[in-house]
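Heads up: the sequence lines are chains A and B, in that order.
Heads up, the first sequence is in this note's numbering, so the first residue is 365 and it goes up one at a time.
Heads up, the second sequence is in this note's numbering, so the first residue is 365 and it goes up one at a time.
If you are wondering where the hints come from, they were derived from the structure by calculation, not from laboratory data.
Check each hint, because a few of them may be wrong.
[Unchecked claim] Some but not every residue of chain B turned toward chain A, in silico, with C-beta under 10 angstroms:
| id | residue |
| --- | --- |
| 1 | ALA444 |
| 2 | GLU446 |
| 3 | THR471 |
| 4 | ARG515 |
| 5 | SER546 |
| 6 | GLY591 |
| 7 | LEU595 |
| 8 | ALA599 |
| 9 | VAL602 |
| 10 | ALA604 |
| 11 | ALA607 |
| 12 | GLU610 |
Where is the CB? At the ideal position from N, CA and C, for every residue including glycine.
These are the residues of each chain, in order.
Protein chains: 2
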Amino acid sequence: VHGALTIEPVRPRFYLPSLDASGVGELGEDEAGHLTRVLRRGAGAEIDVFDGRGRMFRARVVEAERTRVVVRAEEPVAAAPEPAVQVTLVMSVLKGDKMDAVVRDATMMGVSVVQPVVAARSEVALAAFGRAGRVSRWQRIAVASAKQCGRAVVPIVHAPVTLPDWMTRASAATVLVLSEPSAGPGRSFGEVARGQAVDLVIGPEGGWTPEEQCQFSEKGACFIALGGRTLRADAAPVAAIAALFEAWQAW
Amino acid sequence: VHGALTIEPVRPRFYLPSLDASGVGELGEDEAGHLTRVLRRGAGAEIDVFDGRGRMFRARVVEAERTRVVVRAEEPVAAAPEPAVQVTLVMSVLKGDKMDAVVRDATMMGVSVVQPVVAARSEVALAAFGRAGRVSRWQRIAVASAKQCGRAVVPIVHAPVTLPDWMTRASAATVLVLSEPSAGPGRSFGEVARGQAVDLVIGPEGGWTPEEQCQFSEKGACFIALGGRTLRADAAPVAAIAALFEAWQAW
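If we strip away everything but chain A, and leave its shape as in the complex, we get:
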């Protein structure tokens, strides 16, 4: 069978963060519209719903109008397993839609949190995020990516902060900072003691300033090198998360 072939999941997946112990919930407006207008389903349809916090259910639509869809969860179903380490991706913000791709890919790879930061050499200033609705856009992208990859967990995407602000926050996580080949030899993930939670920090194309490097060291961070080729900032998260999960057998 040559040619195009699209494999749909058996049941379409819907995000239902309000799902509670009653098992009955109402889809948000976007999700309701997707069900009624795009998929043209109505009362009686079987779907999957996930709460974004790790639970997924086979569910039935019990009421359906254009933007009001009520569903009843019927039976837990297995979602894609979560990795064995909680990763917060601390990512220098990128220009244009590259950050969208980072949020999408990080969700697919299994991160728990995305924390955009503005470092000295970041391509975008913090002021650019004032009214732009970028954070809610990234949250929608995280939901869409979770659906696609089968996760029942939607990562939290925080609003950007400056790197100095992020530095001052206390965290029990192991801080691993990706370093550029030009910054000299770093350690490999396999050399770092395995932790439950990791703050994985990825910098701008221009690299870290010497001041930032000192601040990371004072914070007890470990610098990680991934070979000698220079990775594009937007591709680095997938490479780094994959290498971390492989080294720690945390897939």
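Position chain B against the provided structure of chain A, taking the given hints into account.
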């Protein structure tokens, strides 16, 4: 220093595949145009040239017209180190410009060869590659990506073949096939005996057919799983190559 900051390599890099023992060579038309028209450099300028086969030199422009630029290599310079394992990425062709991104990313990650294949569920038929100039486009993308990541090696990008055609070819490489979470448990890269050369095979979004899976097994291939989330086909190469290099310490 907040705001945009572009870090240029000290010397611009040019691809000079015709570089021979004489040390004098003429840039191709695209590269010559880039030097004279985009960068506005002329005779006397210092550049780096790389032959695509692993050698990079500091060089001087000795003659420069619009499309004719002659350079003389002066001194070898260190390029980004190559990985310790030779990877041929055997990739089910993807639609639209997704394959461009795969070639770009695979080059950055350090593959030696890209072999596009058309599998049963691939999104594009082999006939689509007849006159489209896609292969030469991919080769140009590989050159551009090598420059960006600092490699002096440009991967060979072959013309697409059908998966059955590829299967019949003899190869001394270890064949590792990425498998979908839905295909059941696979092995991890760390469980596979380290080899000098790997054919890393990545399938279409729709997965492999049962027949294809049998053929891979008959070829002695090993199925590799990368966790339980479904990876998008265009993002899978970076994740798989990173995990392989990490597992084999081959970065």
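Using 10 angstroms as the Cβ threshold, decide whether ALA607(B) counts as touching chain A.
With a closest approach of 4 angstroms, the ALA607(B) hint holds.
Measuring from the C-beta of ARG515(B) to each C-beta in chain A, is the shortest one below 10 angstroms?
Holds. Min distance 6 angstroms.
Interface hint for GLU446(B), Cβ within 10 angstroms of any Cβ on chain A:
holds, 8 angstroms
Holds or violated: GLY591(B) as interface residue toward chain A, Cβ cutoff 10 angstroms?
holds, 3 angstroms
Taking the least C-beta to C-beta distance, is VAL602(B) closer than 10 angstroms to chain A?
holds, 5 angstroms
Closest C-beta approach of ALA604(B) to chain A relative to 10 angstroms, hint status
holds, 7 angstroms
For the hint on SER546(B), does the least C-beta distance to chain A fall short of 10 angstroms?
Status holds, d = 9 angstroms.
Hint LEU595(B) vs chain A: min CB-CB distance below 10 angstroms?
Where the cut-off is 10 angstroms and the nearest Cβ of chain A is about 6 angstroms from LEU595(B), the hint holds.
Using the nearest Cβ pair, does ALA444(B) come within less than 10 angstroms of chain A?
holds, 4 angstroms
Does the interface hint hold: is GLU610(B) within less than 10 angstroms of chain A, judged Cβ to Cβ?
GLU610(B) check passes; min Cβ-Cβ to chain A is 4 angstroms, inside 10 angstroms.
Closer than 10 angstroms between Cβ atoms is the bar; does THR471(B) clear it against chain A? Give me holds or violated.
holds, 9 angstroms
Answer holds if the nearest beta-carbon of chain A is closer than 10 angstroms to that of ALA599(B); otherwise answer violated.
Hint holds; ALA599(B) Cβ to chain A Cβ min 6 angstroms, cut 10 angstroms.
When the structure is compared with the earlier hints, no violation turns up for any of them.
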